[in-house]
Amino acid sequence: MRVSRATRLSLRLVALGYLFVLLAVPIGVILWRSFSPGLSEFIASVSTPAARSAINLSLLIVVIVVPLNVVFGIATALALVRGRFRGRGLLQAVVDLPFAVSPIVVGVALIMLWGAGGWFGALDQAGLKVIFGLPGMVIATIFVTLPFVVREVEPVLHEIGQEQEQAASTLGANRWQTFWRITLPAIRWGLTYGVVLTVARALGEFGAVIMVSSGFPGVSQTLTLLVHSRYIDDHNTYGAYAAATLLMGIALVVLLLMTLLDRKRSDR
Amino acid sequence: MITVTSARKNYGSFAALDDVSLDIPSGSLTALLGPSGSGKSTLLRSIAGLEGLDSGTVTIQGRDVTNEPPQRRGIGFVFQHYAAFKHMTVRDNVAFGLTIRKRPKAETDKKVDELLEIVGLEGFRHRYPAQLSGGQRQRMALARALAVDPQVLLLDEPFGALDAKVRTDLRQWLRRLHDEVHVTTVLVTHDQEEALDVADRIAVLNKGQIEQVGDPVTLYERPANDFVMGFLGSVARLGGQLVRPHDIALERDRTTALANDAKVPDSPGVIDAVVERVVPLGFEVRVDLRADSGERFAAQITRRDAAELQLREGETIHARAIGRSSVVDVDPALAI
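First to last, the sequence lines map onto chains A and B. Number 249 in numbering that gives the first Met the number 0 belongs to position 250 of the first sequence; there are no gaps in the numbering. Number 89 in numbering that gives the first Met the number 0 belongs to position 90 of the second sequence; there are no gaps in the numbering.
No wet-lab data here; the hints were simulated from the structure. In this text the structure is predicted, and so the values were computed from the model without any measurement. Where hints are given, some of them may not hold.
Unchecked claim - Derived lysine to aspartate or glutamate pairs resembling DMTMM-like cross-links, with alpha carbons at most 25 angstroms apart:
id, chain 1, residue 1, chain 2, residue 2
1, B, Lys206, B, Asp225
2, B, Lys164, B, Glu192
3, B, Lys101, A, Glu164
4, B, Lys85, A, Glu158
5, A, Lys263, B, Asp91
6, B, Lys85, A, Glu162
With the rest of the complex left out, here is chain A (with noise of 0.2 angstroms):
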């Protein structure tokens, strides 16, 4: 099919209108607002007490969740690829839930089971404090960065199968042995590409974080719900800015990082 040259130049006029007005114009207004008063002011705003709480809660949570997601993240993957038992259609079914089900469902969900009226609720009348405390927003972040190195490492062991691992068996290398010698060295790009995906759902997410967390600045506000809360409940505009550039700034070198990881690994 022959296009016209105006046919062709105003497609792409389109294409990229799209693009700059719903991704560059955002991204740039915020960038713009957060450096015209200097980055002076900049730098201000971003170590304020409640903004390096706010940093170091969101690092910390993700300090928290990335191994836990790696151990349980293997070892489902595990299951669902070498197992043979029942339920495990079922499983494979579980691990796809928090693609489908909203953040805030999770929150509410989590508040209904470890809230102070909740099934665990005993747990918080004991002091345990799960709802509005660390430990909720580190469950609620687990909850929907569950299936990324699941399912980053699962195809992963599909295609390497099984003759290195018994291959090593023969060798003399127990379980154990094989499987950091042999397994991991293996799934090792599929996990990576997992956690840096994890890291960027973690720092992100705002939906289920902001229903379990009691929301103090300076205590229990992350990243995204410092900016959240300046905008709305300050009506601290710049500040807002700044936390987000800040936020943003963190994701792009988790997504530079992934995309380097992604070269390397189509290189092999």
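Assemble the complex: chain A is given as a structure, and chain B must be docked to it using the hints.
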């Protein structure tokens, strides 16, 4: 010596091993030969411990290993698709078993060097498996299996994934290696030519059972039944008996044919057949024939005999079996 006693293994209702007992003498190179689904791979993997038996026992050098995991059986195993450790260099692949055993580095390096020389991969130490050809990968896998000084070496269709030329080369090479190293070796194959070529003993399996065990010559010349005969080498069906195509003589004169046939005891008699096709196969000539009964068979005769007979397609000739040694009566239950 490997002894398998009354081994049984079922996958659902399918019996992969149906009461198999087999002795494999020390130092031998034994081939487990059979069609796919005959249980030969299951038997090998049971000896290795990669497959558990439903019942029966496996002993290796007098030690009952039935309930031992693969890593405590003193075996080396070579897989059809190499099972190379893709993220390790050739050196690290071969050294794997020694690294696991925490041998000193100097000893490991010496052993790896020796083995790489034996398998002809000295220059490939720092390569990764992806940079090797199929034949090289399989030789690396062999070196890796031999590095731990296994009591028995088990090979599961080791040349199955290679092309024809490389396969024959590696086969010869394995035979020479076995003559040097003398490790008890068991090789699974579905290729009768491969079994006859490398093995000094062959066990023929069919439907989860062992049909016959013996040296290649015995199996070829005195097959226990028509399955073994049909599986080792080609066969022709002549008057209700199975005969090797090269044990069929063709004669122009019916009287001579009858006189010659009378000297062979229990022969299938003289069969009149129409020549359908004459195919020169280098040294020999294959003659495709159709008996009066409508049954088709092929005879393999020398080029000189063919020249003397001057066979033309469409004419009738008289076929008879030479000698009784390779003749087996057809079991009506097992039509081939």
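Hint check results:
no.: 1; hint: Lys206(B) / Asp225(B); in the structure: 14 angstroms, holds
no.: 2; hint: Lys164(B) / Glu192(B); in the structure: 14 angstroms, holds
no.: 3; hint: Lys101(B) / Glu164(A); in the structure: 19 angstroms, holds
no.: 4; hint: Lys85(B) / Glu158(A); in the structure: 12 angstroms, holds
no.: 5; hint: Lys263(A) / Asp91(B); in the structure: 23 angstroms, holds
no.: 6; hint: Lys85(B) / Glu162(A); in the structure: 12 angstroms, holds
Hint violations for this structure: none, all hints satisfied.
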